[in-house]
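Going down the list, the protein sequences come from chains A and B. Quick note on my numbering: the first sequence kicks off at 477 and runs consecutively. Quick note on my numbering: the second sequence kicks off at 477 and runs consecutively.
Hints may be right or wrong, so weigh each one.
No distinction is drawn between identical chains; accordingly, a pair holds when it is met within one copy or between any pair of copies.
[As the list claims (entries may be wrong)] Here are the simulated EDC-like pairs of lysine to aspartate or glutamate, each with C-alpha atoms no more than 20 Å apart in a straight line:
hint, residue 1, residue 2
1, K701, D663
2, K508, E869
3, K508, E802
4, K861, E743
5, K824, E851
6, K508, E588
7, K582, D803
8, K775, D765
9, K514, E851
It should be emphasised that the hints constitute simulated quantities derived from the structure, not laboratory data.
2 protein chains.
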Amino acid sequence: MAEIAVLGHGVVGSGVLEVLLTHRESIARRAKEEIEVKHILDLREFPQLEYANRFTKDFNDILQDPEVRIVVECMGGLEPAFTFVKACLENGKSVVTSNKELVAAKGALLLEIAQKNNLNFLFEASVGGGIPIIRPISQCLAANEVSEIAGILNGTTNFILTKMIREHMGFQEALALAQELGYAERDPSADVEGADACRKICILASLAFGSHVYPQQVHTQGITKITLEDVAYAEAWGGVIKLIGEVKMLENGRLAIQVAPMFISRESQLANVDDVFNGILVRGDATGDVVFYGKGAGKLPTASAVVADVIDCVKHFKARKYLFWEDGKPDYVEPFASIPGDFFVHVKSQGDSAEAFALAESVFPGAVRIIRRDESLGEAGFAVKAISISGLEEKLAELEGRGAKVLNQIKISDF
Amino acid sequence: MAEIAVLGHGVVGSGVLEVLLTHRESIARRAKEEIEVKHILDLREFPQLEYANRFTKDFNDILQDPEVRIVVECMGGLEPAFTFVKACLENGKSVVTSNKELVAAKGALLLEIAQKNNLNFLFEASVGGGIPIIRPISQCLAANEVSEIAGILNGTTNFILTKMIREHMGFQEALALAQELGYAERDPSADVEGADACRKICILASLAFGSHVYPQQVHTQGITKITLEDVAYAEAWGGVIKLIGEVKMLENGRLAIQVAPMFISRESQLANVDDVFNGILVRGDATGDVVFYGKGAGKLPTASAVVADVIDCVKHFKARKYLFWEDGKPDYVEPFASIPGDFFVHVKSQGDSAEAFALAESVFPGAVRIIRRDESLGEAGFAVKAISISGLEEKLAELEGRGAKVLNQIKISDF
Numbered sequence: 477m478a479e480i481a482v483l484g485h486g487v488v489g490s491g492v493l494e495v496l497l498t499h500r501e502s503i504a505r506r507a508k509e510e511i512e513v514k515h516i517l518d519l520r521e522f523p524q525l526e527y528a529n530r531f532t533k534d535f536n537d538i539l540q541d542p543e544v545r546i547v548v549e550c551m552g553g554l555e556p557a558f559t560f561v562k563a564c565l566e567n568g569k570s571v572v573t574s575n576k577e578l579v580a581a582k583g584a585l586l587l588e589i590a591q592k593n594n595l596n597f598l599f600e601a602s603v604g605g606g607i608p609i610i611r612p613i614s615q616c617l618a619a620n621e622v623s624e625i626a627g628i629l630n631g632t633t634n635f636i637l638t639k640m641i642r643e644h645m646g647f648q649e650a651l652a653l654a655q656e657l658g659y660a661e662r663d664p665s666a667d668v669e670g671a672d673a674c675r676k677i678c679i680l681a682s683l684a685f686g687s688h689v690y691p692q693q694v695h696t697q698g699i700t701k702i703t704l705e706d707v708a709y710a711e712a713w714g715g716v717i718k719l720i721g722e723v724k725m726l727e728n729g730r731l732a733i734q735v736a737p738m739f740i741s742r743e744s745q746l747a748n749v750d751d752v753f754n755g756i757l758v759r760g761d762a763t764g765d766v767v768f769y770g771k772g773a774g775k776l777p778t779a780s781a782v783v784a785d786v787i788d789c790v791k792h793f794k795a796r797k798y799l800f801w802e803d804g805k806p807d808y809v810e811p812f813a814s815i816p817g818d819f820f821v822h823v824k825s826q827g828d829s830a831e832a833f834a835l836a837e838s839v840f841p842g843a844v845r846i847i848r849r850d851e852s853l854g855e856a857g858f859a860v861k862a863i864s865i866s867g868l869e870e871k872l873a874e875l876e877g878r879g880a881k882v883l884n885q886i887k888i889s890d891f
Numbered sequence: 477m478a479e480i481a482v483l484g485h486g487v488v489g490s491g492v493l494e495v496l497l498t499h500r501e502s503i504a505r506r507a508k509e510e511i512e513v514k515h516i517l518d519l520r521e522f523p524q525l526e527y528a529n530r531f532t533k534d535f536n537d538i539l540q541d542p543e544v545r546i547v548v549e550c551m552g553g554l555e556p557a558f559t560f561v562k563a564c565l566e567n568g569k570s571v572v573t574s575n576k577e578l579v580a581a582k583g584a585l586l587l588e589i590a591q592k593n594n595l596n597f598l599f600e601a602s603v604g605g606g607i608p609i610i611r612p613i614s615q616c617l618a619a620n621e622v623s624e625i626a627g628i629l630n631g632t633t634n635f636i637l638t639k640m641i642r643e644h645m646g647f648q649e650a651l652a653l654a655q656e657l658g659y660a661e662r663d664p665s666a667d668v669e670g671a672d673a674c675r676k677i678c679i680l681a682s683l684a685f686g687s688h689v690y691p692q693q694v695h696t697q698g699i700t701k702i703t704l705e706d707v708a709y710a711e712a713w714g715g716v717i718k719l720i721g722e723v724k725m726l727e728n729g730r731l732a733i734q735v736a737p738m739f740i741s742r743e744s745q746l747a748n749v750d751d752v753f754n755g756i757l758v759r760g761d762a763t764g765d766v767v768f769y770g771k772g773a774g775k776l777p778t779a780s781a782v783v784a785d786v787i788d789c790v791k792h793f794k795a796r797k798y799l800f801w802e803d804g805k806p807d808y809v810e811p812f813a814s815i816p817g818d819f820f821v822h823v824k825s826q827g828d829s830a831e832a833f834a835l836a837e838s839v840f841p842g843a844v845r846i847i848r849r850d851e852s853l854g855e856a857g858f859a860v861k862a863i864s865i866s867g868l869e870e871k872l873a874e875l876e877g878r879g880a881k882v883l884n885q886i887k888i889s890d891f
């Protein structure tokens, strides 16, 4: 019998209980031991539940129970989750978490404590919900140098963009619908401003390249400035707009990492990842492109990933899983302004669209014009190749100096 | 230092050496031990290679070397691979293989021997080449009841179908091109007749549902009868034709398993898996649909999957990986004739197409007509719902009795 405790009985925590109870027998068979939830930490009370008597409001009931060898953290947020998880690892308890904010902010430190104490710290559910991604990157791709990871990592923004693309709904209307359907929270900023995707790409980057990347090191841009005009230009160009978390190892040994809306070609395997789904592309030198696709959030998908980690923990009490990265290094992340790429630019100026493009072309020689349906007077869209952000911004300033208004600039992806 | 031996220096075997040598340092770091190939078994000689002195033609050099703890089998085919692998497992050596024919025919037996001797028998590379799929199914989805797996499991046939769909190339012409490009062998029957896909769906079914399914239990149909007319009907219906290996748990506890070309809706995540790529959809009660996508074959992708298994083996000399299924059970597979589904039917009869469809409709009330461009005189295509194979064949015989010629019938997928 393996005794565990669950911190937090919210969406994911209650899902963990549900999965453990529903699949009790098959889980015991797979873990080769029965798994019993001895304590559940929550400040609320749930008297109607059959396991109501296992609730506690005091974390010390869990920390000081020597029978509890695995603690599952599903509280979310940095505190008190961090304090509790750290205390568990320092007191001989392995930890499984679904908390991406915690792993993105404190992963290296917690992995180090786990390693010192010969314990497991597992977090498959922190990225991609029920999609297996942490384990495949760390194990299956072990004989492979990963060069790039790019993913649609946030279901809420993907739902909003899908509505904008397919039904020409405006951003605000699509956001309101997402809130109505329970896909977006009342304060949607962590999703729509890109912070959630940023935490996830930090975790994947840390894992794939071996040193911790912190969210504050990553240039992060959400989808609040994406307009239906941009969506139409993407379509005319031959693709769609998706919010992408991307990390790439540069030849100078630094990481080019960012979260931003990007033009994705219709041919890309990420172009058809729609609605609340997530898709993650891992590019390796031996495997080529491997893509993982599925529901990136939700009670049961996330809970099943948590429980799979618990099962793995139970099976490996003596053999620590190899999952590790070092703390971050100075100068590990390439300054955002230096990252090169292709871009779509959307401008407006005096005269008609042909004149607007002619002006743009005089500043960006070789720019390729993109014409959308129903272009308004003086509006022009075009693609420019292989330019750094600082180079782009310099030229956009020049364009504005010459009377054009720059409405938007969006990265064009190369996957 | 972990000493290993490699059986077979063909495409995959030489790829394993290449990956081990190219990534020597990072692999040692991940395995926490250096991995050294001590022997390579091959009847040919490779005097120009820097590791030429490690070749042997005598399997006993490997079997009787107590320093070799892991044997990598990349010979392919059932014999002598089976005899060698069995001998290794019976003599205390863990085995990693890329040989789908071996695993599909002898998996349960070899897993049992491995378990008895507390050894690992790993075969990530046997399905999906470099796509991680065996491990995600067995571990990450451990807290999940898998209800269905459907996959594009053979890159050669997918390449041929993609050429037929996109470039309207005929089957023979597309096959010839695949051979020219090295995607198909001179004798392409194992690919185009479905045997390769059959072995892979057997391995996935055995793993996901716990009892061995043997290839001879599985109704297998290739793509040799698919015509450009069928492709055009699929397009008119709203999708594409793909060769699918599918297994589903029925309510009666039996598996509905088959390999067949199917109509796939354009909305399906498998519809855009093109060229030599593979895509595998795993449907679970908690995770929903998870899809794995990537290159399903090729020297380096397959070799990197083999080496990842070797690394896992080295890290788990003492802790056996949990990977197991029992031997097959009688009546475990639903008789093919009883499996229900939706079907596309393509007929030809006297008169014009409307008359041909009217005749079809009199036999299949509720049939939905599908009209392709350039339909020839008397040709009709239609979809019928929820019918067993035996029910379908009975009605098709009736239709033929009434003067129509049945040109083809193709399953319509429900994923």
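Here is what the structure says about each hint:
| no. | hint | in the structure |
| --- | --- | --- |
| 1 | K701 to D663 | within (17 Å within a copy, 56 Å between copies) |
| 2 | K508 to E869 | neither (59 Å within a copy, 47 Å between copies) |
| 3 | K508 to E802 | between (33 Å within a copy, 16 Å between copies) |
| 4 | K861 to E743 | within (19 Å within a copy, 32 Å between copies) |
| 5 | K824 to E851 | within (11 Å within a copy, 49 Å between copies) |
| 6 | K508 to E588 | between (28 Å within a copy, 17 Å between copies) |
| 7 | K582 to D803 | within (9 Å within a copy, 46 Å between copies) |
| 8 | K775 to D765 | between (29 Å within a copy, 14 Å between copies) |
| 9 | K514 to E851 | neither (63 Å within a copy, 68 Å between copies) |
In terms of the numbered hints stated before, the structure departs from hints 2 and 9, listed from lowest to highest.
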